[in-house]
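**Q** As a plain string of letters, each chain reads:
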Amino acid sequence: MRTLPFLNILVCGIGGQGVMTAAEILAQTASDLGFDVKKTEIAGMAQRGGVVTSHVRIGPKVLSPVIAPGQADILAGFEVAEALRWSDQVRPGGLIVVNTQRLVPPVVSGGLYAYPDDPLAQLKATGTTVTAVDAAEIAATLGDRRLINSVMLGAMACALPFPPGALENKIVARFQAKRPELAVLNRQAFAAGSGVAQ
Amino acid sequence: MTMVAETMTAKSGSGARRLLSGDEAIARAVWESGTRVAAGYPGTPATEILESLAQYSGLHTEWSVNEKVALEVALGASMAGARAFCAMKHVGLNVASDPLMTMTLTGVIGGLVIAVADDVGQSSSQNEQDSRYWGRFAHVPVLEPADSQEAYAMTKRAFELSEQFETLVILRLTTRVCHVKALVTPGERVERRVPGFTINPARWVMVPANAKKRVPLQLERERKLAVFGESFDLTIDEPGDDRRAGFVVSGPAYLHLREAFPNAPLIKLGLSYPLPLERIRALAATVDKLVVVEETEPLIEGELRAAGLTVYGKDILPRIGELTADIVGPAIRRLIGEPEPAAPPARGPAPSVFPRPPTLCAACPHIGVFHTLFAMRRKVVIMGDIGCYTLGAGHPWHALDSCISMGAAMGMALGIDKAGGEGDAKKAVLAVMGDSTFLHMGMQGLLNIVYNRGNVTALILDNRTTGMTGGQNHPGTGHEIHGLAAPQVDFAKLCEALGVKPERIKVVNPYDLNGLFRTIRDEIKVPEPSVVITNQPCTLIGEFVRREAHQVLDDKCTGCGSCMDLGCPAISVRERAEKHTADGEAFEATYTQIDARACTGCTMCVAACNHGAIQPIANTAAAGSCC
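Protein chains in written order, with this note's numbering: chain R, 49 to 246; chain A, 40 to 666.
Chain A on its own, in the form it takes in the complex:
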């Protein structure tokens, strides 16, 4: 660590240290490296890399429609001799894997770095996967920083490596690198000449005859990288006095391990693929036991075993989630036979507190959609997708039946339709996805529904932003990454161009609950592809207009609880009481209230109330707190 810091100071002069997240540090390094083109698609925890990069000038930064396109944009720039960069989350690289697996044959001209962020611990992803596999699969180097300063330093070195070996380089991040702020000493940008594209079919036209000649070059490059890794200075040998166990460690697990075992000898892998086998053998010869500490899959461990080394790894450490000090410590102490330090006195049982699951925002236009789908729940199968609207699967709507991958709802809906299941005979099939997801990978699925004569009603929830990742622009918003005006796609026209009949494309206001219900009900009855597009903006973007807050009139509220079923977080229960119907049957009445600070006057609850008990607050100045 110290070595890294000194290297950077020497290179970048007397830059003042700054508190930067891993994502911000990478953006800084990409900019300083003279990069000319940077592309990506939002995805937690990598989103902030491009958002941060967009604040720098001197390069083209873009939100691409998906990660595959982003990587192809970066490759084109590299072919022209420019340094190029791509950022995405782990599942994004799955999407981009098609160009990845062939561009490893062509190699690159201008340095090309892919930052891929694994959501280790799965804070906000549909799976936990190990992107280091792509390094093995594509025969390309993988760098693994542990914190912001390393992320900065390794990004800069990644561009150099990329040009030295004419290969793309993968910078593997985890949530605990991307979203940790730590001190970084930045430098200055160095401009680089961009020579332009040179026609060279043998290099760039990957027909079999050309591609076959590139395969041996790819393997030779991998061999040279392995030799290089034996002396790579960002792979650090740290000697230690405690010889009971030595460690091979990568990524942020290094920090946790060091915290637990300050005096153990170890090799911290900067370049974690290809492995520096000779350096690791040398360490193994000096310690009693060699332990690999790597998050998620046992990749390094497996390769060391294949090389004939005796190692411990996932036999003593978990394969799932982060390897924090409190996990690594006890596992290693058991291995080396060291007793656990005396535990602090027991504190009694852990406090029991209700869950606080994320939910849709007050006045979120998706609320109207899921309230409506809940009302027709028994008559529909609802294939869902990835975005804020995935929350429609939760309380109180329970109106989303799947979440797999970006754009998947379209294909899966067609599959359910074509399967013709007995239990589904009387049900309509819906596909639900947001605007950004539709443009990312959903429109091909809709085209496929049309082409194959599917009977699916597609709901495109157009809230004019990429909501779940914090509100990024896309081709449907009319703005690009810097917020400047950009050509705006017309969703209705796009669907028509894909072959949906114009009379089967409806644009509706999701706050108009009755209109929304009628539209969806009518469209699911028609036995052909149809599209319903909602048209109200996300409440968290500038386009959203806040209107007059509403209140529940206590003298009119009957306690029916219908407004609670809407699922708006601004509405809560004021009082519960046992009441009796005219027939003398007991029931629990639920009297409600509206938080005037959270209410934006969307009026969905006005439509949900059958008793006229919800009305605008006449004098908003008198609006008080009610929670």
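Chain R on its own, in the form it takes in the complex:
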């Protein structure tokens, strides 16, 4: 039996961005490939514009579903300030894949708090590898902002211990039967994300 590697993936963003769906697809793919997997999130009031994080742990045998502080191998940040918020959870030398989109909450827009100055530059100063993707722009160009999800998964695909095509096929399979046109779009979004990462 081949040895399966351990991997801690932390996915973060805002309610409604597809964070949990992305984590679900990662976990399903890992499961299909024979990994043990656990996925957990705390998203009590996420649909109300709050912060969402999802922990995906894969390996030969996963015990705790929670990634220990500072032990994430990959951080997938669906919003740039959210990526910064969780950046200290990434181990030194880890990977941060970040959607450079800025989503300003009412407390910032209303003047109670400031949005961080150049969060991308701050991410790049954390001693990790940073892949920056304008996933919102790519998704908008393709015609559906819900495609952010597939762009982000494409951008992190090369860092995952999955054979080529496994993750992409899992995404496409979600739409193939009922919405084949969305399957095509998601494949394009995935490819665009992969292209940025290379």
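Each hint should be verified, as a subset may be incorrect.
To give an idea of the interface, some chain R residues facing chain A are shown, with a C-beta separation under 7 angstroms as derived from the structure [said to hold, decoys possible]:
hint, residue
1, F54
2, A75
3, R133
4, D136
If you want the footprint, here are the derived chain A segments under chain R, 3+ residues with CB under 8 angstroms [said to hold, decoys possible]:
hint, segment
5, 165-178
6, 215-222
7, 295-302
8, 393-401
9, 526-536
Rather than coming from a laboratory, the hints here were simulated on the basis of the structure.
Bear in mind that the values here come from a model prediction, so they are computed numbers and not experimental data.
The beta carbon of each residue, even a glycine, is placed where N, CA and C say it ideally should be.
Here the structure of chain R is known, so what remains is to put chain A in place on it, guided by the hints.
**A** Relative to the frame of chain R, chain A by itself:
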């Protein structure tokens, strides 16, 4: 863990493994167990158990109006010989505790399992409490799974235990069991015969003469369960080479502990009440120190001390929140004198990022209510309740003064009214709650206001769903748990039946800010019970109709910021600039913009703008992004 998996595979044949949350795994096991009746009330993190169960056929699944009713429905089914199931969050079992404390005397016929989910870490609850107390209080067994596969296996065994000992069984979950997805190997449903109810007053009519005879039986059952627990196979002894510390552990804390100490000997409690004292004594005899790792209260720890064992527990571990590996690890290492592994090089200070608190959705009908209440803030005391509208306590409305328990706003409002406080003499008292909460436990409070001649204005925010838990049906929605049509309660008629005068019951459109303000202002002036019911649906349900998006016309916007005070998340600041009044006084102008993708055309901001600067986007195709 491995043992559990093997047991299940042997039982259920060659089922393919599936990625299921704890909630989904329990639903699957409930269905496979041949359960005929399942009831509950939504509550994070347990909501998805019944939602998932509703997708299976062959059983009656219902949203009950509250947890007490749900448990009584389950008890009735059990009395008829059917397997029955109940799901609720921790505070729900407080509500259901009245039948719980007596049905433990009657016992059950068909297996009856209560899944109760503790929100350890308090991600979305008003308190953090330990439902394992109910096992001790009611003298009933408590099972504690650690993950989805165990939740599945223990649910199935819980039904067997329930029938074997004729007792209800509590399945104690935590957020980290309910909402973690892990691999489960499911089986198939086994149908069971339901014999029907047998009249037996000595068993079911709990008048004192009958109930007194049941108390010794209840205690005898508890003693037998303790003996059973000594050989229960879902309580697992895991030997280990490291004898410096041995552990007694339950629930998901087991996984965190194992991660931190892979080689320590331990007993993982499947049945965590009654405790298998002899097994624990045997472990204690072989290790230097015995440590109890349990989340929240020191229940096991206290019982082991009472049994004469020397144990460590909450003296070295936190009593609040989850016991993750990074918390358990250092605490235990300090206890056994093991140095901490070398810390990774310091990363500098943690990044400083603004908070992103949850807020009401764009076009949420509650926005109009709290904007209005903010406008009369100094003249009202606002008793609040549990639901999305609790967010009315937050920025920018600050228009909700309490949140305690389901339906509490009514009683508390009457209390404030009757206290007659000097500082409240010129204030009106309001009670604010949603439709589902009103039906859960609020209507009794309104009846009480009427009966006791209170001067309270009750606001019932009817958005036709149980919003905060993700949109579940209730008797006010016209649909049942499967989405099928159901009799729909008429809130105005219900309030009238409770004794509120018909002329004191007003149904208003919360998007009509002026109308809403006038209605509430008029009703709080009347010195008798009155009810204002808002009538627009939650934006997240199918009934909600999206209308044309609006925009701020830059040439008309004066920067007054009035629309920002509404608190709609679709409105944001485009530009701030220093301006001067005609008198030369400096002020900061706040020019705004509307996110056309988020705007649904509810028009509340149109009413909030005194300058006609907010108008529909004529050509929606041209609507662009603006954040």
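**Q** Which of the listed hints are broken here?
**A** Result: hints 1, 5, 9 break, sorted rising.
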